[in-house]
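**Student:** Residue numbers in the sequence shown follow this note's numbering, run continuously in steps of one, and reach 164 at the last position.
Fair warning: there could be bad hints in the mix.
Restricting the straight-line Cα-Cα distance to at most 27 Å, the calculated cross-link-like pairs of lysine-lysine (BS3-like) are [unchecked claim]:
#1 Lys151 <-> Lys60
#2 Lys75 <-> Lys151
#3 Lys135 <-> Lys75
#4 Lys70 <-> Lys164
#5 Lys135 <-> Lys70
It is worth saying that the hints were derived from the structure and are not from the lab.
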Amino acid sequence: MKNMTKLMMAGTLAVGALAAGCQTTPNVNPPAAVTQPLTTTALQAYNWQLVDAKLTNGQKITQLFYDPAKPLTLKFFEDNGSQRVSFMNTCNNIGAEYNIVNGDVVLNNVMSTMKQCPEPEASFDTATVATIQGKYSLGQNANNTPILTIKNDNQVAHFKGVAK
Numbered sequence: 001m002k003n004m005t006k007l008m009m010a011g012t013l014a015v016g017a018l019a020a021g022c023q024t025t026p027n028v029n030p031p032a033a034v035t036q037p038l039t040t041t042a043l044q045a046y047n048w049q050l051v052d053a054k055l056t057n058g059q060k061i062t063q064l065f066y067d068p069a070k071p072l073t074l075k076f077f078e079d080n081g082s083q084r085v086s087f088m089n090t091c092n093n094i095g096a097e098y099n100i101v102n103g104d105v106v107l108n109n110v111m112s113t114m115k116q117c118p119e120p121e122a123s124f125d126t127a128t129v130a131t132i133q134g135k136y137s138l139g140q141n142a143n144n145t146p147i148l149t150i151k152n153d154n155q156v157a158h159f160k161g162v163a164k
């Protein structure tokens, strides 16, 4: 009987140890992107290269990705005391004056040259103007890469910070 008790105790301990090793861990959501204050210094520290743009239904905005070698890039800078942004790799020269008002980027007088661009460049320019209008937010992804997000009622676009 002693041997049977020892055997049962050993079996119970083994099952307990096995169960403890197989415990599930609680579902931990990945950390959200870290948001940062939107300042002219932060915007001007990088060139912002488009990495993703989707309509609110999740469909990729293909017009913005017709030439992977020339992604839409936002360049924020100061020019004679004015804050300006240029939209690079477009067929027409597109740019605007901007201000930060209550933590939001406000574009003033988006201007463009009026060249007649062939397709797909013409569609790229049109999609660019639609993409740059919206609420801007600044953060970092899990790899600490700066990310600029522009969101409006129709779409959301993500730009990564590229060292100047």
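**Student:** Lys75 and Lys151 were given as a pair; does the straight-line alpha-carbon distance stay at or below 27 Å?
**Tutor:** Holds, at about 18 Å.
**Student:** Check the hint pairing Lys135 with Lys75 against an upper bound of 27 Å on the C-alpha distance.
**Tutor:** Between Lys135 and Lys75 the Cα gap is close to 17 Å, so the pair holds against 27 Å.
**Student:** Within 27 Å, alpha carbon to alpha carbon, are Lys70 and Lys164?
**Tutor:** The given pair, whose Cα atoms are some 16 Å apart, holds under the 27 Å limit.
**Student:** Taken at face value, is the distance from the CA of Lys60 to the CA of Lys151 at most 27 Å?
**Tutor:** holds, 14 Å
**Student:** Hey, Lys135 versus Lys70, does the alpha-carbon distance stay inside 27 Å?
**Tutor:** The given pair, whose Cα atoms are some 24 Å apart, holds under the 27 Å limit.
This entry satisfies every hint, going by the numbered hints stated previously.
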